[in-house]
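Trainee: Sequence:
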Amino acid sequence: MRGVEPLIDVTSLARSLAARPPPVLLDVRWRLAGPPGPPGIAAYRAGHLPGAVFTDLERDLSGAPGTGGRHPLPEAAAFQLAMRRAGVSDGRDVVVYDEADATAAARGWWTLRYFGHDRVRVLDGGYRAWVAAGRPVVTGEGAAPPPGDFTARPGGMPLLDADGAAGLARHGTLLDARAGERYRGEAEPIDPVAGHIPGAVSAPTAGNVLADGRFRPAPSCGRGSPRSGWPRPRPRAARAAAWWPARTAGRGSPPPMRCSHWRWRVCRPRSMSGPGRTG
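When you line the sequence shown up against this note's numbering, it's residues 1 to 279, in that order.
It should be emphasised that the hints constitute simulated quantities derived from the structure, not laboratory data.
All figures in this text were calculated on a predicted structure; none of them were measured in a lab.
The beta-carbon is built from N, C-alpha and C at its ideal position, and this holds for glycine as well.
One thing to keep in mind: the hints can contain errors.
As the list claims (entries may be wrong) - So the derived label-pair ranges between C-beta atoms look like this:
1. G164 / A144: 21 to 29 Å
2. P72 / A144: 26 to 34 Å
3. A64 / H171: 43 to 51 Å
4. T151 / D212: 16 to 24 Å
5. A133 / R170: 44 to 52 Å
6. H171 / S16: 39 to 47 Å
7. D163 / R85: 44 to 52 Å
8. H171 / P145: 40 to 48 Å
9. P158 / A187: 17 to 25 Å
10. A14 / R70: 30 to 38 Å
11. G155 / R135: 18 to 26 Å
12. A46 / L210: 22 to 30 Å
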């Protein structure tokens, strides 16, 4: 089955939804704090794209936190069940979206790609772009879709562990897509230990999107950014998947590899660095 470009705009999505069969829509809105219940569910109930299924980043796109990280990859069987429950099938397109900047939606994109679904895209600009274009939304829980037949096949994307990240930071380029202040250790609202993996390069994912949440043109994402002048021939990996849809759009770029800052902290508690390099 041939893959698709990682991004889709509002107009193209509206056209696709009018076709048969339409793509499966996954609402992956998520935030660290909010009202009781899964983060993002309140926003989904207040308004979502017609036919979209709420997908909980922590329950459906992650395994249980522990030594594998705060948001480790889910087990194949659990992810397969969650995706089938959301209506995902092997031969049907999927579009994931979040509020705007693809930080959470890219998690859905990457995880589906890792488990073998290569026809998944991120809505550029997310829910905010859909609403700004005057497209319809619906409220409430939404009806459960017919179950899908997706089969999870791990290994569709390369994956890094802590030791692999250490080696890549020394001999290649390891990108840290978190906010710059977290990379530098100036603020850490989530993890107990501030800083970054030694040798990692700061490449905040927020710098890849415009004010409205849509991605910047591919040449100005990473390669054209003044903060990301890493050597081209070296192997590279991103710590967060949100950095990659824009970098891979329209290019033959290698697939992303993903590792976890939290997993590094658990495995190597004394190896965190403070101020580092920005490329």
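Trainee: All the hints need checking, so say for each whether the structure fits it.
Mentor: A quick look at each hint next to the structure:
| no. | hint | in the structure |
| --- | --- | --- |
| 1 | G164 / A144: 21 to 29 Å | violated (39 Å) |
| 2 | P72 / A144: 26 to 34 Å | holds (27 Å) |
| 3 | A64 / H171: 43 to 51 Å | violated (32 Å) |
| 4 | T151 / D212: 16 to 24 Å | violated (37 Å) |
| 5 | A133 / R170: 44 to 52 Å | holds (46 Å) |
| 6 | H171 / S16: 39 to 47 Å | holds (42 Å) |
| 7 | D163 / R85: 44 to 52 Å | violated (35 Å) |
| 8 | H171 / P145: 40 to 48 Å | holds (46 Å) |
| 9 | P158 / A187: 17 to 25 Å | violated (31 Å) |
| 10 | A14 / R70: 30 to 38 Å | holds (36 Å) |
| 11 | G155 / R135: 18 to 26 Å | violated (36 Å) |
| 12 | A46 / L210: 22 to 30 Å | holds (24 Å) |
In summary, the structure is inconsistent with hints 1, 3, 4, 7, 9 and 11 from the numbered list given earlier, while agreeing with the others.
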